[in-house]
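Enquirer: All chains, full assembly: derive it from the sequences and hints.
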Amino acid sequence: MSDDIYREIILDHYRNPRNKGKLENADVTVHDSNPLCGDEIDIHLKVDDGVISDVKFEGKGCAISQASASMLTELVMGKNLNIVKDLKKEDILENIGLTNLGPARIKCALLSLKVLKVGMVKYYTESDPKSAEQIRNESSFY
Amino acid sequence: MQRSIVDSYQLRNDFPIFRRKINGKDLVYLDNASTTQKPYSVIDSITDFYSNYNSNIHRAVYQLAEEATKLYEQSREKIAKFINVRPEEIIFTRNTTESINLIAYSWARPELKKGDIVAITELEHHSNIVPWQILSQEIGTRLEYVGIDESGFLDLEHMIELLASKRVKLLSLSHMSNVLGTIVPIERIIKVAHEYDVPVLVDGAQSVPHMPVDVNNMGCDFLVFSAHKMLGPTGVGVLYAKKEYLDTMIPFMGGGDMIKEVFKFHTNYNEVPYKFEAGTPNIADVVGFGAAIEYLEKIGMENIRKHEIVLTEYALESMLALKHVTVYGPRDPKYRGGVISFNIADIHPHDLATIMNEHGIAIRSGHHCAQVLMQRLDVPATSRASFYIYNTKEEIDRFVNAIKDAGRIFKI
Numbered sequence: 131m132s133d134d135i136y137r138e139i140i141l142d143h144y145r146n147p148r149n150k151g152k153l154e155n156a157d158v159t160v161h162d163s164n165p166l167c168g169d170e171i172d173i174h175l176k177v178d179d180g181v182i183s184d185v186k187f188e189g190k191g192c193a194i195s196q197a198s199a200s201m202l203t204e205l206v207m208g209k210n211l212n213i214v215k216d217l218k219k220e221d222i223l224e225n226i227g228l229t230n231l232g233p234a235r236i237k238c239a240l241l242s243l244k245v246l247k248v249g250m251v252k253y254y255t256e257s258d259p260k261s262a263e264q265i266r267n268e269s270s271f272y
Numbered sequence: 012m013q014r015s016i017v018d019s020y021q022l023r024n025d026f027p028i029f030r031r032k033i034n035g036k037d038l039v040y041l042d043n044a045s046t047t048q049k050p051y052s053v054i055d056s057i058t059d060f061y062s063n064y065n066s067n068i069h070r071a072v073y074q075l076a077e078e079a080t081k082l083y084e085q086s087r088e089k090i091a092k093f094i095n096v097r098p099e100e101i102i103f104t105r106n107t108t109e110s111i112n113l114i115a116y117s118w119a120r121p122e123l124k125k126g127d128i129v130a131i132t133e134l135e136h137h138s139n140i141v142p143w144q145i146l147s148q149e150i151g152t153r154l155e156y157v158g159i160d161e162s163g164f165l166d167l168e169h170m171i172e173l174l175a176s177k178r179v180k181l182l183s184l185s186h187m188s189n190v191l192g193t194i195v196p197i198e199r200i201i202k203v204a205h206e207y208d209v210p211v212l213v214d215g216a217q218s219v220p221h222m223p224v225d226v227n228n229m230g231c232d233f234l235v236f237s238a239h240k241m242l243g244p245t246g247v248g249v250l251y252a253k254k255e256y257l258d259t260m261i262p263f264m265g266g267g268d269m270i271k272e273v274f275k276f277h278t279n280y281n282e283v284p285y286k287f288e289a290g291t292p293n294i295a296d297v298v299g300f301g302a303a304i305e306y307l308e309k310i311g312m313e314n315i316r317k318h319e320i321v322l323t324e325y326a327l328e329s330m331l332a333l334k335h336v337t338v339y340g341p342r343d344p345k346y347r348g349g350v351i352s353f354n355i356a357d358i359h360p361h362d363l364a365t366i367m368n369e370h371g372i373a374i375r376s377g378h379h380c381a382q383v384l385m386q387r388l389d390v391p392a393t394s395r396a397s398f399y400i401y402n403t404k405e406e407i408d409r410f411v412n413a414i415k416d417a418g419r420i421f422k423i
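Here the protein sequences line up with chains P and V, keeping their order.
Those letters in the first sequence? Residues 131 to 272, per the working numbering, in order.
Those letters in the second sequence? Residues 12 to 423, per the working numbering, in order.
Read the hints as simulated data drawn from the structure, not as lab findings.
Nothing here was measured: the structure is a model prediction, and the numbers come from that model.
C-beta atoms are modelled at their ideal positions from N, C-alpha and C, and glycine is treated no differently.
Please note that a few of the clues may not be correct.
With beta-carbon atoms standing in for the labels, derived distance ranges [claimed, not checked]: (1) P/Gly-232 with V/Thr-245: 20 to 26 Å; (2) P/Glu-220 with V/Gly-158: 46 to 52 Å; (3) P/Pro-233 with V/Gln-386: 25 to 31 Å; (4) V/Arg-30 with P/Pro-233: 22 to 28 Å.
Expert: Below, the structure is given as structure tokens:
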């Protein structure tokens, strides 16, 4: 089972994270941590015409949380916000290929999605409060 | 290499949990610094209490209540004898955390003034940090940290400097670090602190379960520890304080059992220790704690300490023989308890713990409720293996093999 979790692709994203770093002139920057593990993720988003034109993340933590964040940035780069705001936890778990994690480790895998959703809420709060509220409600369980 | 005189293989039969399989393998339980497993004698004593003695204590005159009261108070006597103090100096709380909070509330809050210093150390568990931060916010005391060196030893010169400032009104420190295992020279520290008239609170959560602790020799003013870290049930903590402190301290909580007489607008409080045990206490678990003390005494605390020195020495030797393993804290088992914090290359502790779990091994990973220490060590987290009487060298071999397997999985 451990061999299934820590596959080549997870280790690769853990050791060579994509889109890692700060983003100058980000439209949204969000930080969150998992108090149980101490995993930390910051996500910076640049949005142009409703499309994520650039995304970067910073963070420290376990292989699952960091690889998941790295893979999430690849997933949302260049995507329309309408698609991004509807991302579900199943999409993320499928994206990283870990669909049978236990309850403690699933939080690691979903931390970056949680941060991204908070970023979406932040982005929509002024321009589209209704969407902000909807995203907040839908992602409250993460 | 020393040999242990504790027969762990035999002892394990006393603990039903070791019949469990985790992922098809015999459980190797190495999270004893967090909580320990319970022998039949403890579990049975709790069942026996509820089956044969259940009633409330200290009030009713019927036989059942008298017997329950006797069992509860016998536990207090056993624990008092165990650390060599008087029974009326033992207060039952919920856990070590509550005991420290009780001291902060009932002793420090009325006693200390704005600008007074509470000195703690960089080794402390959050339970010996946060109550003092709250006190600072409430009454303006200052919190100061005694530093540690690279090996995890306290900077005693720094401590003496602080004490010599004459502003320190309480020194509160752990006897044994729950992360590094460092055993501090507590008797010497207390002697020096008392030369400066500074009372000392000893957090014995990690030391009392694992080595002989004699308060009379140690001379501390307060000692706190938890039953569940020494084979006892959860939900029972101990606060020892010298009687002269207890007599003048204000109650922690008001209610039943802590009173002598209640009038419409004032109350005369009960004598110690009852003044600090408001409401129906955790009677059955206190009785269970008594059974745990009996079990430990039968083995002998000296023997337990020796057993853990043997295991720690063996584990350190096996771990340090591996490449990529970093061990934190003192190297010499004489100066540390059976708690080993470590990291392996770039494998995050949570990933390691997941792999260990596959092998049926329970270790802890994270900040161990000691984030100040993590910041000092400049690591986000560590893995931690901690031992007790029922652990064996064979289990340490399995643990070391699992470390090797983690290295294979992570391709290091």
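Enquirer: Confirm or reject each hint.
Expert: We went through each hint and held it up to the structure:
Between P/Gly-232 and V/Thr-245 the CB atoms are about 23 Å apart, so this pair conforms to the stated range of 20 to 26 Å. Taking 46 to 52 Å as the suggested C-beta distance range, the pair P/Glu-220 and V/Gly-158 conforms, at roughly 48 Å. In this structure the hint that P/Pro-233 and V/Gln-386 lie 25 to 31 Å apart at CB holds, the actual value being about 28 Å. Between V/Arg-30 and P/Pro-233, the C-beta spacing of about 25 Å keeps the proposed range 22 to 28 Å intact.
Going down the numbered hints, you'll see the structure goes against none, and every one checks out.
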